[in-house]
Structure formats: C-alpha cells, structure tokens
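J.: Sequence:
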Amino acid sequence: MGFVDSLLGIIGFGIGIPIGLVLGFFVFIYFQPRDVKEPVAKPFDELDSSSLIDLLPELPLWIMNPDYERVDWLNKFILDMWPYFDKAACKIIKSSAEATFAEYIGKYQIKSIDFERLTLGKLPPVIYGMKAQDSNVNELVFDIALKWAGNSDIALAIKLLSLQLSVQVVDIQVSALTRIVLKPFVPTFPCFSNIAVSLMEKPKIDFGLRVMGGDLMAIPGLYHTVQEIVRTQVAKLYLWPQAFEVEILDNSIGATKKPVGILQVKIVRARKLLKMDFLGKSDPYVKLSLSGEKLSAKKTSVKMNTLNPEWNEDFKLILKDPQLQDLQMHLFDWDEVGAHDFLGMQVVQLNQLTPYEKKEFTLNLVNSMDPNDPHNKKPRGQITLETTFVPFLEDSKKFSGILDYEGNPGSSIGQDNARFSGSGLLLVTVIGAKDVEGKHHNNSYVRITFKGDQKKTKSIKKTRDPYWNEEFEFVLDEAPLKDLIHLEVISKRRRIGFMSISSELDEEVEGGEEEGESLDFTGGEEPSFAPDLKLFVGNLPFTVDSAALAGLFEQAGNVEMVEVIYDKLTGRSRGFGFVTMSTAEEAEAAAQQFNGYELQGRALRVNSGPPPAKREDSSFRGPRGGGSSDNSNRVYVGNLAWGVDNLALETLFGEQGQVKEARVVYDRESGRSRGFGFVTYSSAEEVNNAIESLDGVDLNGRSIRVSPAEARPRREY
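FYI, in the UniProt record's numbering the residues of the sequence shown are 1 to 717.
Hint data in this document are derived by calculation from the structure and do not stem from the laboratory. Idealized CB from N, CA, C, for every residue including glycine. The reader is advised that the hints may include incorrect statements.
[Claimed, not checked] Here are the simulated lysine-lysine pairs, DSBU-like style, with alpha carbons at most 35 Å apart:
| no. | residue 1 | residue 2 |
| --- | --- | --- |
| 1 | Lys-91 | Lys-258 |
| 2 | Lys-159 | Lys-281 |
| 3 | Lys-236 | Lys-122 |
| 4 | Lys-204 | Lys-159 |
| 5 | Lys-183 | Lys-316 |
| 6 | Lys-320 | Lys-258 |
[Stated by the list, open to error] Derived CB-CB ranges, DEER-like:
| no. | residue 1 | residue 2 | range |
| --- | --- | --- | --- |
| 7 | Gln-658 | His-486 | 43 to 53 Å |
| 8 | Gly-601 | Gly-643 | 21 to 31 Å |
| 9 | Met-200 | Asp-465 | 29 to 39 Å |
Please take these sequences and the hints and turn them into a complete structure.
T.: Right, here's the structure in full:
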C-alpha cells in the first residue's frame, strides 16, 4: 500500500500543479485589484525636492535645452486635425495588415483574422520640442521630441478551429526623439519627394495586451520582457542612421532620383532608310536620349548621301531608373536649310537589360510608338545598336541577383566584367558665392573643369552674392583619388564689336584679299571666347555658307559664332572659316567628329585655331554706301534662330520701346541669316530696358544674347 500511496501522490501532484497554475493565471489576469486609488495631484510649489527630481525627465525639451523650440501652435494644429488623421491612418493600417493576415490564414489552424475595432483614440501626440539642423545638402533636417499617451483601442478577432479568440491592444504610450528629413528638393509641389523618419535613441513603449479579456502584461516578468523585445526590434529597424522612408512624389511627376548606373550605347548601323533628298539619297543621323530626362539629346555624326549608314559610335547615358526609363532613338535626314526630315524612331525597354551583359538589338523603325498609327505600316528601315547597363557599386544589389561584387574567384561574371568595376559618377553642385570682388558683376557664372571636361553655370546678373544651385555630372572610368576640380567664378560684361582676321592667316591660305567678320563679346583687349573654343574649318566646299556650317556643327553642341571667309574682290568663299563653340568640351567633340568629315565630296580639316588678333592700325567705318550711323542707341542681338527675320525681331523688341530699325544680318551669297542682328531704339533708356529684359529670353528655341552695340573697325590693307 505504501507504494500505491506514493504513486497516487506523485500523479496527484503532477495533475494538480498544472491545474493550479492555469486556475491561478486566470484568477490573476481577470480579477483586478480593488484598492487602486487615483493619484493625488499637487501644485508644483507643494512638491518636495525628491519629487521634483523624479519629474525632471518629464519636463519638455524646450525647457531643458535652449536649442529646442516650443511649438504650441503645431500641437494646436495636430489637435484639430487628429480626428481626421485617426480615420485616415486606420484605413492605411487596415489595408496594410490585410495582406499580412492573409499569409497566416490556413496555417496553424487559423481560419480568419479580422479587426473588431480599430481606433487610435481621441488624444493626439504632443510635441515637446523641435530643433532644425543645419545642412549643406539638398535636404531639410529637424528633430522632434514627442510623447503619446493615447486611449487607442485595437481589437482582433482570430478564429482558431471552432474557437474565436479576441486579442486587444490598449493604452499605448510612446516617448521618442525622432529625426525627420525631407529630401531631395524638387521643383514640384510640395517641393520634396521623400520623408525619412529615424529614431535618435531607443524609444520608450508601453501598452496593454489582453487575450479573451485577460491582461497578459499582468503576469510577473512578462511585462518587462515584452517591452524590451519591442524596443529592441523597433530600434533595429529605425534607429539612426536607418530610416523609415515614405515616398511623397511619384518619380513620373517630378521626383528626382539619384543616378544608379551608366547605360553604354553603341549605335552600329542602319539599313534601308527612306530616301528624302530629291537629287540624292539621305544624310542620316541619330538622336538618342532617355525618357524623363531634360538634358539635350546626344547625336551621332551625319553620314552623307547613304541609305545604309555605318556609325559604330559610342555614348554614355546617366541612368536613374531602369524599370521606368526607356532609351529613345530618333533618326533624321540632315538638311542645310530648314527643318531636318524625320526618318523614323524606336524605343528600347531598359527593364529587360541584365547588368554588365552586352545586348544587341536590331529594330524596325516606326513613325510613332502608337500601335494604331497607320503610318507605321510603311517600311522605314532598321537600326542596329548595342547596350550595356553598368550599375554603380552601391546600387548593385538592387538589380539582378547574378551580380557578384565580392570578387568570387569562381564567378565568370565578376571576371568578365572587371573592366566595369571603376565606373562611376561624380556629382558637383554649385550653390553660390559670397562677396564677389569688383564693382560690376552683371553676369557672374562658374566654370567647372574636371579632367578636361568643362561645364558652366548660368549667368546671374547684378549681384555680389550670386546663387546658382545647379548640379553637374561627370562620368568616371575610375575612382578620382588624385584628381582635382578646378572652379572659376567669372564675371563678364558684354559689349559688341567687330574685329578683322589676323595677318598670320594670309600666310596659310592662297594669295588674295579676304573679308570676314567675327564677334567679340568682351569689347576689351582680350577676346571674350577662350582660344580653345574657336575651331578652324578648312577645305570647305565653296557653296557652304555660315548658316550651313552652323547647322552642321550644332550636332556637336551649342554654336556661339560662325564665319565663312570670302574673297573681297570676287565675293566667293575662300574655302575656310571659323566656328566658336560654347565650351571646350563641345569644341573638342566637334573637332573629333568633323575632322576628316566628308561634306559635299570634300574632307573637312578641323582643328583649334588662335583667336583673331585685332590690327593696331584699324580704323572705324560706317555702313556701306558712305553713310553714318549713331550706335549709341543700338543693341546687338546674338544667337538668333536661323528662321528669325526682321519682323520677328522688331515685334519682340518693340515691347521695350520705340524701335527705329530692326535688322537681321544675312549672308550675302546665300541670303540666309547669319544668326545675329541689330535693333536701334530712340533713347538710351529703351536700350537699357531691352538689355535687362530680353537678354537670355527664348526666341524660337534659342536663348538670345542682347548687349550694347559698338562701332565696327575696318582693316587697313
């Protein structure tokens, strides 16, 4: 019997302990203590020193830290908006949670999960201090200390087998120091595209969790364990520098994304293009660009008189979103006069590219990408190109999983594409300048030079503290560890004058007298254009005038000035001229593109030429015919579109005063515009108004230059 009694005692103990624990648990969580009393509120001056010390952590930051500002006005705004924010936030929480709930339905015998109640309560968060941080980058940073002790009520109904459980989260309390970053700034309202929220320290989080009406947090030891787990997990996700980002602007409506890689494009050839010239075939070239970019399109060279051109020309394009952007190609037939004829187009979807993989496309040209366009039925030929997407190192993990940046010896991809490992992009943002020297700074701009690549900002008028805030991109083949960026702040006062061709040129060309005009935009002793901007163009066909030469060189960039030199006696072209580009980069590109270029059966000779030097013994001459002209009230108008005539010039400048004469200068042999002209007013005040109001104005797609006109010096022979 003793053995049986011992056995029954053990069995009873084994059964009684679990039953007792379960019953004790339910008694503990369901029966609330009855001796709970409301805390006694006392005035501040009645508190003892120990109580004051306990209250110090609860004081607002704007009291303890003078860097933080008191924002009662913002708390009032949040209080008034909270009922509407509560409804909007609950809708977002519910829609986001439904996808998560769906993952668990059908698992662990769970049949359904639904919200019984969902509200954040009537008490909004309170901001106890705000501080704005200084930042030199394109973003706004401010820290916010907030506390929220809301009467929220979030209840879930979980159907487990045939039992329905009710889980409720109540009395949420949060105290956190957050950092909010608005970035980047964009020219689309609300003027920033993303909000990033980070925690500057571990937050204090408290809440109640009830299951079937019982408070699980009342279990000894469980409360502190759960609180620490929640704080740790939240800190892992959002503790600075990590952040929770919210996209405000979609990329298609103005948000600015940083570049993620370089798209290398090789235009190989085209076949069976349309014949557009009456007496010949076509003179095709390709313009290529990325969708969503405002930068000017890149262009191939012009292949004269062919329907099957071979280019084999390489281009590098900055890619920001391969999932959304497309490569667009438009083919044109180059014409000396008038608009260039459209040959066809095609688009390459970049989301089908694999990083580092060269892909060749042979595409049929179409009239438009509209599938219902009846003109697409007409054969327009084909274009062949090669593309390679090279992502930047920091963005590589966003793309294909085949990328291996860790240098895996067994990775053929890493070995085959080691030559791409150094590709990158240097972003330079020119913000502004302060206290620029000098008395007159009407046209301050910055010239940036990096590895021979030169770029410049727009000109800011009449200020000693110019502000540009312009961003420039430099494509890199390797890390610029020892390279320098050269920055020059330049102020240029514009005037107009005429200078003659230097005597040194007489020794390089055939004998005879030549006539030519070039524009000096400085009016000083030195030319306004740097020597490396001016190109000598030799072996020109005698039928090519300044307009045709300008149209050709515009394929390489912005043309500032063009002059074809003519024989003074016969009036015929001497077979050479000069082209001045806007930047050294464009001048170099033009020299490379057109040196040896075949134009009307002649191979052009293009190289850098010295700036024309003014003769010391020059004298001023008036207009042809022996008349005289008063230049005091006359302005020079440069960079005119080739289609602008006298009437268009008079109409535009008539808005600034009484125009006595508006004249576009035309080529005397071809009769076409030379790209500049003059406007004469009645008074000096009208001249100043025109220069101030119209300099840089867009006219027929080109930004015109307006400056005072000067007398024209004449060469002595």
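J.: Please go over all the hints and tell whether each is borne out by the structure.
T.: Cross-check of the supplied hints:
| no. | hint | verdict |
| --- | --- | --- |
| 1 | Lys-91 x Lys-258 | holds, 32 Å |
| 2 | Lys-159 x Lys-281 | violated, 77 Å |
| 3 | Lys-236 x Lys-122 | holds, 30 Å |
| 4 | Lys-204 x Lys-159 | holds, 32 Å |
| 5 | Lys-183 x Lys-316 | holds, 27 Å |
| 6 | Lys-320 x Lys-258 | holds, 6 Å |
| 7 | Gln-658 x His-486: 43 to 53 Å | holds, 46 Å |
| 8 | Gly-601 x Gly-643: 21 to 31 Å | holds, 28 Å |
| 9 | Met-200 x Asp-465: 29 to 39 Å | holds, 35 Å |
When the structure is compared with the earlier hints, a violation turns up for hint 2 alone.
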